[in-house]
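So for the sequence shown, full-length UniProt numbering puts the first residue at 1; every next one is plus one.
Incorrect hints may appear among the rest.
[What the hints assert, rightly or not] Each computed DSS-like pair below joins lysine-lysine, with the alpha-carbon atoms no more than 30 Å apart:
id	residue 1	residue 2
1	LYS166	LYS155
2	LYS155	LYS80
3	LYS167	LYS153
4	LYS155	LYS167
5	LYS80	LYS146
6	LYS153	LYS80
7	LYS153	LYS166
FYI, nobody ran anything at the bench for these hints, they're computed from the structure.
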Amino acid sequence: MSNTKMPAKSSVEDISYNANLWLQAAMLINVYMSLIWGIIYGCYILYNLSELQDFYGRAVMVAYILSLLAEVYRLRAGYKGNLGAEISELSIFLVTTPLIQLPLLAFLFLSVRGDWTLIYLIIELMFCLMLIELIAGMWAWHIFAKHQNDLHKLKRQIALQMRNAKKESANA
1 MSNTKMPAKS
11 SVEDISYNAN
21 LWLQAAMLIN
31 VYMSLIWGII
41 YGCYILYNLS
51 ELQDFYGRAV
61 MVAYILSLLA
71 EVYRLRAGYK
81 GNLGAEISEL
91 SIFLVTTPLI
101 QLPLLAFLFL
111 SVRGDWTLIY
121 LIIELMFCLM
131 LIELIAGMWA
141 WHIFAKHQND
151 LHKLKRQIAL
161 QMRNAKKESA
171 NA
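When you get a sec, could you build the whole thing from the sequences and use the hints?
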């Protein structure tokens with residue numbers, strides 16, 4: 001009876017990590033959506049600059065700048081984590097999305113005054129994309145954690161085999 005389901009892994013090269021395509025596609029779309037949102041929301045701030053001179057207006061401007069910076073950092077961490085197979089970067093991506101970016105976007109969404117339907121639509125699309133990114137990111141993180149575990153077990157097994165071979169050659 002042969003083991004056709006799970007072939008034996010004999011070297012580090014046998015264990016490979018494939019980037020999550022859904023996460024990559026969602027992040028690619030989010031790059032363009034964020035760029036469009038940043039330009040349009042920046043125009044909204046410039047258009048309403050005279051009304052944003054109080055504490056609330058300055059909070060909107062600070063939240064806008066923080067949101068842009070967080071989005072750049074978040075997407076960079078997501079790309080590096082997904083494509084570069086770095087679990088720490090993928091973890092940063094998964095933490096910054098719900099804890100930093102979503103609250104900032106919700107605040108900016110609720111702070112829009114007037115009939116700026118395009119801003120509402122873009123932010124709602126970004127919320128949907130972030131939900132897809134979170135689901136795909138958690139799945140990629142799970143797969144990558146299994147990949148790291150297999151890699152660690154194999155390296156430990158190879159080290160034990162080398163140590164045993166060294167002992168046998170010393171005894172002979």
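Each hint, compared with the structure:
Restraint check for LYS166 and LYS155: the C-alpha separation of about 16 Å stays at or below 30 Å, so the hint holds. The hinted pair formed by LYS155 and LYS80 meets the criterion: a straight-line CA distance of about 24 Å does not exceed 30 Å. The straight-line distance between the Cα atoms of LYS167 and LYS153 is roughly 21 Å, inside the 30 Å bound, and the hint therefore holds. Annotation: proposed proximity of LYS155 to LYS167 holds, straight-line Cα distance about 18 Å (limit 30 Å).
A distance of roughly 18 Å separates the Cα atoms of LYS80 and LYS146; the hinted pair therefore holds under the 30 Å criterion. Taking the CA atoms of LYS153 and LYS80, the gap is about 24 Å. The hint holds against a cut of 30 Å. Restraint check for LYS153 and LYS166: satisfied, since their Cα atoms lie roughly 20 Å apart, inside the 30 Å limit.
The structure meets every hint from the earlier list without exception.
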